[in-house]
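There are 2 protein chains.
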Amino acid sequence: MRVLPCKGLSLTNLDDQLLLPGTKGLPLRDTLRQGAIALQAWNVLRADTSFPVAVLKESALLHNLAWMRDFCERHGATLAPHGKTTMSPQLFAAQLANGAWGITLASATQVQVAHRFNVRRVLLANQLVARTDIEAVLALLHDDPDFECFVLADSLEGVARLSQAVRARGLARPLPVLVELGIEGKRAGCRSLDEALQVARAIAHADGLALAGIEGYEGLLVTKDPDEDIRAVNAFLAKLVELVKTADAEGLFGHPEILLSAGGSSYFDLVARGFSAVGELSRPMRAVLRSGCYLTSDHGSYKRLLAQLDARASHGEGLRPALEVWSMVQSRPEPGLAILTMGKRDASYDEALPIPVYTHRPGSDNGDPSELPPGCEIVKMNDQHAYLRLPEGVIRDALMVGDLVGCGISHPCTTFDKWQVLLVVDDAYSVTQAVNTLF
Amino acid sequence: MRVLPCKGLSLTNLDDQLLLPGTKGLPLRDTLRQGAIALQAWNVLRADTSFPVAVLKESALLHNLAWMRDFCERHGATLAPHGKTTMSPQLFAAQLANGAWGITLASATQVQVAHRFNVRRVLLANQLVARTDIEAVLALLHDDPDFECFVLADSLEGVARLSQAVRARGLARPLPVLVELGIEGKRAGCRSLDEALQVARAIAHADGLALAGIEGYEGLLVTKDPDEDIRAVNAFLAKLVELVKTADAEGLFGHPEILLSAGGSSYFDLVARGFSAVGELSRPMRAVLRSGCYLTSDHGSYKRLLAQLDARASHGEGLRPALEVWSMVQSRPEPGLAILTMGKRDASYDEALPIPVYTHRPGSDNGDPSELPPGCEIVKMNDQHAYLRLPEGVIRDALMVGDLVGCGISHPCTTFDKWQVLLVVDDAYSVTQAVNTLF
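Sequence lines, in order, name chains A and B.
Here our numbering is used: the first residue of the first sequence is 447, the next is one more, and so on.
Here our numbering is used: the first residue of the second sequence is 447, the next is one more, and so on.
Everything labelled a hint here was simulated from the structure, so no lab data went into it.
Check the hints yourself; a few may be wrong.
Which copy is meant is left open, because identical chains are indistinguishable; a pair holds if it fits in one copy or across any two.
In silico DSS-like pairs for lysine-lysine, Cα to Cα no more than 30 Å straight-line [unchecked claim]:
#1 Lys749 - Lys670
#2 Lys670 - Lys826
#3 Lys826 - Lys685
#4 Lys685 - Lys632
#5 Lys749 - Lys826
#6 Lys826 - Lys503
#7 Lys691 - Lys749
#8 Lys691 - Lys632
#9 Lys503 - Lys685
Just so you know, these numbers come straight off a predicted model, no measurement behind them.
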């Protein structure tokens with residue numbers, strides 16, 4: 447029944463867990479073994495689920511998994527997709543089964559979740575500073591010799607904290623650390639090559655640590671101006687390349703491979719191209735892309751950015767939006783206003799409000815969802831409600847109390863974190879599988 | 447060990463559940479019985495937890511519970527606090543043990559969660575329209591004759607859907623329904639008294655339904671102008687009063703008590719006062735306030751609105767902010783910038799960004815958190831990071847990598863939904879209890 451591959455990971459206990467009544471999106475009146483979801487023959491368009499419900503389109507997921515595998519193969523890049531996007535063991539498994547080398551994560555508790563579901567290699571693309579958080583990661587590395595976890599540092603204080611904890615733990619192997627190169631005015635990361643080299647030297651000389659690579663995040667440079675972005679991203683990539691070469695010339699790297707990592711979900715094509723300029727180093731180099739949002743794309747900001755990527759890279763059909771939130775019209779209080787059973791608890795609102803795409807009247811003859819009349823727009827959300835404005839001239843019956851509305855979203859990360867269970871659907875919106883998140 | 451009262455509710459299974467490594471905020475390396483959390487002697491200022499961590503200040507919670515109980519007693523108002531704010535069984539229990547008559551909720555799955563934890567009376571302050579959602583609520587009412595659930599309607603379609611479902615279910619008692627009166631240009635609810643009366647008549651005459659009251663939500667009128675708000679809220683309350691009197695004069699109510707309900711967390715004093723103007727009806731009336739955010743208040747928008755309420759109502763000390771998110775400085779990449787281990791996944795950002803209030807250096811002699819230098823401000827958040835700007839002239843050592851920052855938040859609802867476990871702390875930030883959310 448399961449369509450997403452999950453070879454090699456033990457997800458059995460998720461299939462065996464009992465879903466309880468009250469699980470958002472699920473029409474449960476009694477407990478249900480998760481693995482039996484496909485047997486329920488639920489269909490979203492028939493309004494068999496509870497509303498709102500978050501759905502993942504199986505065909506789009508499979509398309510995107512294959513697209514990215516192909517992209518990385520053609521560019522000689524390694525994929526460690528950012529798992530913080532979905533925090534879903536089943537989706538991690540699908541990514542690993544489709545060529546991902548490891549999973550990128552953002553915090554110690556996220557690493558613990560991934561390890562629990564048998565992810566064997568993690569790039570913790572963040573500074574790890576809290577004592578208990580460092581200890582939690584070191585405990586996994588200590589107790590599980592086959593588990594690998596890379597972490598970042600961007601300060602001498604950070605290096606000292608890591609080194610001290612590794613010594614206290616008595617870890618048998620060095621902790622692999624990447625130096626983060628940052629961008630003036632942006633987030634973490636050393637602001638200059640000199641600063642970065644200082645941190646790299648400190649790692650190289652610290653007890654219990656090994657310099658394993660260089661990391662940066664060009665996604666912080668995304669603006670509304672693609673030409674300016676491309677210029678800034680390429681300049682940043684050149685700095686990363688210079689740093690890796692300089693550190694290598696100094697003989698600072700102490701890991702069998704040198705990792706060079708960047709790549710959010712907007713400009714990973716530039717990263718793949720930029721990193722190919724490194725040339726020969728003293729040991730093998732691995733270019734690691736960390737895109738998380740390629741998996742579902744979206745109907746908003748990533749749709750726009752990925753269309754630009756597609757125009758640059760031209761790989762046939764681009765990535766498809768795979769994540770939708772379906773809700774029901776609960777009120778039509780004014781001719782131009784429909785209130786939906788969906789709010790800030792259910793769909794992203796940080797980059798843009800949800801984008802209403804489809805509508806369907808359950809019980810109607812038509813099995814396919816219709817497109818909403820042009821001009822329909824979600825103009826506001828409260829915690830549990832969305833305000834859908836209809837353009838003038840749309841007849842009242844076009845959207846009635848009890849009709850379904852299917853919304854695309856902008857920014858997958860902030861929709862995934864609003865659901866503990868998402869439903870995978872086929873093209874007819876029949877539910878084939880449940881996917882869990884663990885935020 | 448548990449300081450929040452939870453008389454009468456069976457929360458034992460939450461105490462017995464095993465918390466797993468990877469639970470955000472918790473420093474777990476092995477499973478831990480939730481009920482044993484107080485025995486761990488964790489202290490947030492000592493950095494014993496994982497970071498970020500969400501904490502509830504026990505003394506502030508207890509103060510706010512008593513404050514609201516006292517407020518309602520003095521105003522002859524009934525409290526059915528909005529449970530969607532916290533979705534926390536332990537906090538529901540504390541509210542019910544402190545005089546709440548029931549819990550208000552926003553969706554069928556939320557009702558199922560509350561019922562699972564033995565909440566006996568729910569005001570579902572929303573239109574209930576999806577077939578499976580109506581059936582889920584009716585199943586609870588059918589199988590548990592002592593459970594009460596009120597729902598809203600604002601359209602004839604909505605009334606028809608409810609009535610049909612009740613007949614199909616063969617419910618032995620009528621489903622109590624309140625008519626929602628809305629506000630032009632705002633959310634759900636009938637736009638005029640005439641429309642509302644039409645819906646009220648439909649409920650009164652529908653098979654299986656009973657008109658139980660009138661509901662409105664004055665919180666939609668909150669603007670930046672308190673004088674204008676007060677005028678608009680009072681005008682809306684007058685309409686609600688007129689509607690309840692008219693419907694009663696027509697003999698439409700069919701429930702032993704008439705519920706008249708409004709009251710978010712900004713103007714519930716006006717609601718309590720406005721509803722006392724109803725006078726004699728044909729049967730007992732109950733004025734139901736639904737504030738959810740009184741329980742924790744906040745350091746942002748509700749702090750401001752509740753200070754105004756306090757100035758109007760003058761009840762001694764007002765409500766205290768009880769909810770904080772603590773994170774650690776992970777990077778100090780520029781003199782005026784600190785990056786914190788906390789982002790959009792951890793704290794509200796819809797009304798305003800988090801408000802940095804406290805700092806503490808774990809291991810320092812001082813046991814109390816210090817105030818941050820004036821002018822420190824969180825200016826941006828990514829999914830997993832916050833950008834704290836320090837004003838010019840603050841020495842670099844005032845905030846170092848590894849220092850803790852305690853933030854207040856603005857809008858409790860959108861912080862609670864980012865945590866599955868929050869930690870209750872005493873005034874010294876020692877952890878006394880865990881509180882679960884079920885969103």
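Practice task
Enumerate the violated hints, using their earlier numbering and listing them in ascending order.
Solution key: Per hint list: 7, 9 violated.
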